[in-house]
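Visitor: Construct all of the structure, not just a fragment, from the sequences and the given hints.
Just remember that the working numbering sits 355 ahead of the position in the sequence shown, which is counted from 1.
Hints in this document: simulated from the structure, not taken from any laboratory. A hint or two may mislead.
Straight-line Cα separation of at most 30 Å, DSBU-like style, residue types lysine-lysine; simulated pairs [to be verified]:
#1 Lys-386 <-> Lys-442
#2 Lys-572 <-> Lys-675
#3 Lys-426 <-> Lys-479
#4 Lys-694 <-> Lys-563
#5 Lys-694 <-> Lys-377
#6 Lys-675 <-> Lys-404
#7 Lys-377 <-> Lys-479
#8 Lys-641 <-> Lys-493
#9 Lys-425 <-> Lys-442
#10 Lys-406 <-> Lys-377
#11 Lys-377 <-> Lys-435
#12 Lys-572 <-> Lys-694
#13 Lys-694 <-> Lys-425
#14 Lys-479 <-> Lys-425
#15 Lys-442 <-> Lys-426
#16 Lys-641 <-> Lys-624
#17 Lys-641 <-> Lys-540
Model, not experiment: these values are computed from the prediction.
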Amino acid sequence: MKPMIVITMGDPGGIGPEIILKTLREINLSKAILLVIGSRNVFQFAESKIKIHLEFHQISEMSENAFSDKKINFFDVETKADEIYSKVFQCARPADESVSYGNLGRWNAALTYATLETAARYAKEGLISGIVTAPINKEAMRMLDPGFVGHTEFFAQTAGVKNFAMMFVSERLRVTLATIHVPLKEVSNRLNTDTIRSRILLTDEFLKRRIGIPNPKIGVAALNPHGREFGREEDEIILPAIEQARNAGADAIGPMPGDQIFNQAYAGKLDAVIAMYHDQGLAPFKMIAFHDGVNTTLGLPYLRTSPDHGTAFDIAYQNKADHSSFKQSFEYMEAWLSK
356 MKPMIVITMG DPGGIGPEII LKTLREINLS KAILLVIGSR NVFQFAESKI
406 KIHLEFHQIS EMSENAFSDK KINFFDVETK ADEIYSKVFQ CARPADESVS
456 YGNLGRWNAA LTYATLETAA RYAKEGLISG IVTAPINKEA MRMLDPGFVG
506 HTEFFAQTAG VKNFAMMFVS ERLRVTLATI HVPLKEVSNR LNTDTIRSRI
556 LLTDEFLKRR IGIPNPKIGV AALNPHGREF GREEDEIILP AIEQARNAGA
606 DAIGPMPGDQ IFNQAYAGKL DAVIAMYHDQ GLAPFKMIAF HDGVNTTLGL
656 PYLRTSPDHG TAFDIAYQNK ADHSSFKQSF EYMEAWLSK
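Guide: The following block contains the structure:
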């Protein structure tokens with residue numbers, strides 16, 4: 356059986372369905388079985404708005420015998436979403452409550468959650484090889500789950516994985532985050548040697564196995580200005596992590612000043628950077644790869660990629676969305692699954 360790639364709809368109020376349709380129109384189906392999970396009603400609305408009409412193979416159950424390897428499979432989650440809506444809001448969904456296109460909505464959130472839960476369940480069971488996720492809105496998701504943080508944490512939790520990392524990939528720069536969605540004032544307290552070492556080793560394994568770099572060089576950023584001039588974290592936390600990762604076989608160097616390390620990586624002298632906090636890594640990455648950067652989750656028992664942008668409610672269903680990053684997410688998924 357070919358590997359199965361699942362595409363999740365994302366928040367139906369945003370540009371997810373549009374960038375999915377634009378990507379599906381351009382890809383070749385020969386390398387994998389392709390399954391879209393979401394709301395068929397939403398996609399029909401999207402097709403009517405952006406004038407892209409594709410033939411889907413509708414399936415009613417998630418089993419190997421149900422899938423077509425010649426058409427794009429589609430699994431509708433509206434029934435599951437209704438169940439989630441009723442459970443969370445303690446009432447049946449009102450007949451007049453529909454998708455809020457271009458905005459937040461409780462039904463949007465239920466559809467999104469149902470989509471993610473379905474993908475996570477069957478990926479954990481081994482039916483799915485990789486998931487390409489369209490953007491979601493975290494505020495909407497917290498209508499259902501106040502503790503919801505993001506895709507990365509959701510898939511790690513549902514897979515039962517504690518050692519995971521968020522990595523951003525483009526042609527000329529790869530960045531793994533030591534901490535993810537953490538307020539800046541809390542970063543120092545969240546950093547520890549074990550976490551940084553694990554981020555280095557996850558990155559090293561990914562570069563070797565999926566990117567095909569036999570001996571990757573990984574630069575580890577300092578937390579403080581000028582490397583270690585103004586704080587203790589470099590000597591007490593980061594440097595021991597680098598030494599432990601090197602002892603485990605990774606070619607890691609640092610701590611390197613944050614104002615130098617990305618230039619080194621962009622010049623090709625480093626294969627990846629470990630950034631200490633979200634904006635330290637994402638500001639330079641998005642500056643050079645805003646339209647084609649890809650987010651991937653390291654440490655899961657399956658592959659997961661997503662575009663490096665949000666739901667863009669303001670341009671939803673107007674045929675204005677750039678699908679470059681989503682298409683790149685799909686193409687990376689295909690390439691990585693082949694290795």
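Visitor: Let me make sure I understand: some of the numbered hints might not hold for this structure. Which ones are they, in numerical order?
Guide: Per hint list: 1, 2, 9 and 15 violated.
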